[in-house]
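Novice: One-letter residues, chain by chain:
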Amino acid sequence: MSFEDDFVEDDEMNMIDDEVASDSEAESLSDSDSDNEITEKLAEPTKTAVYNRDGLLDKLQDISWPEDVDWTHKLTVDIEQGQAVDVNDDLAREMAFYTQALEGTRQAFGKLQEMGLPFLRPSDYYAEMVKSDTHMEKVKSKLLYEKKQMEETEERRKARDNKKMAKEVQSQKMKERAKQKKDEIESVKKWRKQRQQSGFSEKGAGDLDLEFGNGKSFQRGGGKKRPGVSPGDRSGGKGKPTSRMNNKKREFRDSKFGHGGRKGLSKQNTAETTNDFKGGFRGGKAGGNKRQKK
Amino acid sequence: MGKKRKHSETEAAAPVKNDDSAPERPKRTLLGWKDKKEDAEETKAASVFRNKEKVLVTCSRRISFRYRHLMLNIVSLLPHCKKDSKVEAKSSKGETLNELVELKGSSSCLFFECRKHKDLYMWMVKSPSGPSVKFLVNAVHTMEELKLTGNHLKGSRPLLTFSSNFDKDVHWKLLKEMLTQVFGIPKEHRKSKPYHDHVFAFSIVDDHIWFRNYQISVPHNEADKVARGGLDKMTLVEVGPRFCLNPIKIFGSSFGGPTLYENPFYVSPNQIRALEKRNKAGKFAKKIKAKTRRKMHELSNPLEPDEFVDMWKDDE
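As given, the protein sequences belong to chains A and B, one line each in that order.
According to full-length UniProt numbering, the first sequence holds residues 1 to 294 in order.
According to full-length UniProt numbering, the second sequence holds residues 1 to 316 in order.
Note that these hints are calculated values from the structure, not bench results.
Cβ atoms here follow ideal geometry from the backbone N, Cα and C, with glycine treated the same way.
If a hint is listed, it holds; no wrong ones were tucked in.
With a cut-off of at most 30 Å between alpha-carbon atoms, the simulated BS3-like pairs for lysine-lysine come out as follows:
id, chain 1, residue 1, chain 2, residue 2
1, B, Lys104, B, Lys173
2, B, Lys154, A, Lys111
3, B, Lys82, A, Lys74
4, A, Lys142, A, Lys158
5, A, Lys147, B, Lys147
6, A, Lys74, B, Lys104
7, A, Lys163, A, Lys249
8, B, Lys191, A, Lys111
9, B, Lys168, A, Lys111
10, B, Lys280, B, Lys291
11, A, Lys138, A, Lys248
12, B, Lys283, B, Lys118
13, B, Lys193, A, Lys140
14, B, Lys86, B, Lys54
15, A, Lys140, B, Lys154
16, B, Lys233, A, Lys147
17, B, Lys82, B, Lys193
18, B, Lys173, B, Lys154
19, A, Lys111, B, Lys52
20, B, Lys154, A, Lys142
21, B, Lys191, B, Lys147
22, B, Lys173, A, Lys111
23, A, Lys189, A, Lys179
24, A, Lys248, A, Lys267
25, B, Lys86, B, Lys191
26, B, Lys83, A, Lys74
27, A, Lys140, B, Lys147
28, A, Lys158, B, Lys147
These stretches of chain A come out as covered by chain B in the derived footprint (C-beta under 8 Å, 3 or more residues):
id, segment
29, 51 to 61
30, 73 to 82
31, 95 to 106
32, 114 to 123
33, 134 to 143
Make a model of the complete structure from these sequences and hints.
Specialist: Structure follows, in structure tokens:
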């Protein structure tokens, strides 16, 4: 039986589909009149599937190594599988494989340690690795990039929260200041009234039991300060954030594709070049062309 | 067709068959059979065993890039393999491959066959008279994927872990044995490296064999001991490649022979695609059927005339 036969036989047999790659729906090929129902049948109808146990056992005996071979030749470990893993649940499946490998390594290392064989790579052992260094560089840069993305999102979130907080605090302060102003005006009015009532007696200006605040009102702008705005910032802190963002993109593109600018500006005279009589780049290709023309 | 069999190959093949019958089995050594010393060394028989496994890795023509990279990854994982040029896809594939295997003096072969530029089949064959298995390969992730971040020495011997359901049935046991022999690097192979820093995990889930390759990272100082508690801090990083094997058939001899096992759950990818197409084609027919059904239903159950039909007829 050549190995081409399996395609022919697959058509004849009614087999179900347990393929990982496809959806688990199948239709028996002999039921052509049924509405395409999605059923999963057992392999019972395909009792024609060959299963020659004795033959398999014979072959196993043929190829297996002799019984008393050292474990170090085979290095196999069998791990008990806890529970059936759902194939479609990626995370659980990978966890199962991971735990199997981990358990296996633990047992194997235990055995190797007993035998006293070296099995761990010393830190100064340098040899060819299965992935090249350039590849590992790429891996590292990708990991770093991902980390940076995460950090940036964290920062952005924190900044947003802080801004909210700051806004609340600011509104509080504004209210306080307004209140204070009101209070001051009230107190001045009271003082005037007092003076009126006491008949404008010249008791001395020191009788003012007012508070003029903390001297803040004598500063320029009335003591108003906006945090986060430098004195030289003519946009008042309200500059477009987008102009700051695009700079990064611009910088990256510049570094990759070179610096732009208007066409043809590179050869125009500038202040330095007008005074530059003897210097500059001469010859090279220009000279070579002249030679070729002749 | 001059078959250039190495002398040692024939002798290697012959006693394997007599394994169960002959108690005094001449052990394979690098220099041939030490029959004369057999009596003296019978007690030390196991120490003379040498794993002379050599794997030939080839592929068919018209193989796509992902599967080619998978094959190259496997070549880099197995230092005891030899990569050969592409094999013409002709009907006499079996014979050509058998000859090739003998020519190169290998004891087993991994042949990657890509059909319709979409499906990858892998043949794992023990030569010269060994059983052969045909797999359908799914879920391929090669080592070049940046998500697989581990790395290990090229040619270091892996630890092989199998899940316990490999012992549940005969065909799994046979597959386990074949996998051990093909994927396990021979002990003192000249291209193998000394330490064990990676582990293969073969598990059977849903009647498929899943393969994973992990790098072992353990904080350690000495090469032959782990610090106490160090084993708990061991982590595994995946190196790759990853694939999933679906056994289709097991044959009695290499690339052919009597079928020993067929997977009853296997549906060829061609069939799956045909089924899907048929399902899609059935949509239109279903619609027509539904329409005619509705019509028949309406005819058989006529609606009573509506009493409000004439309400506004006279209001012009």
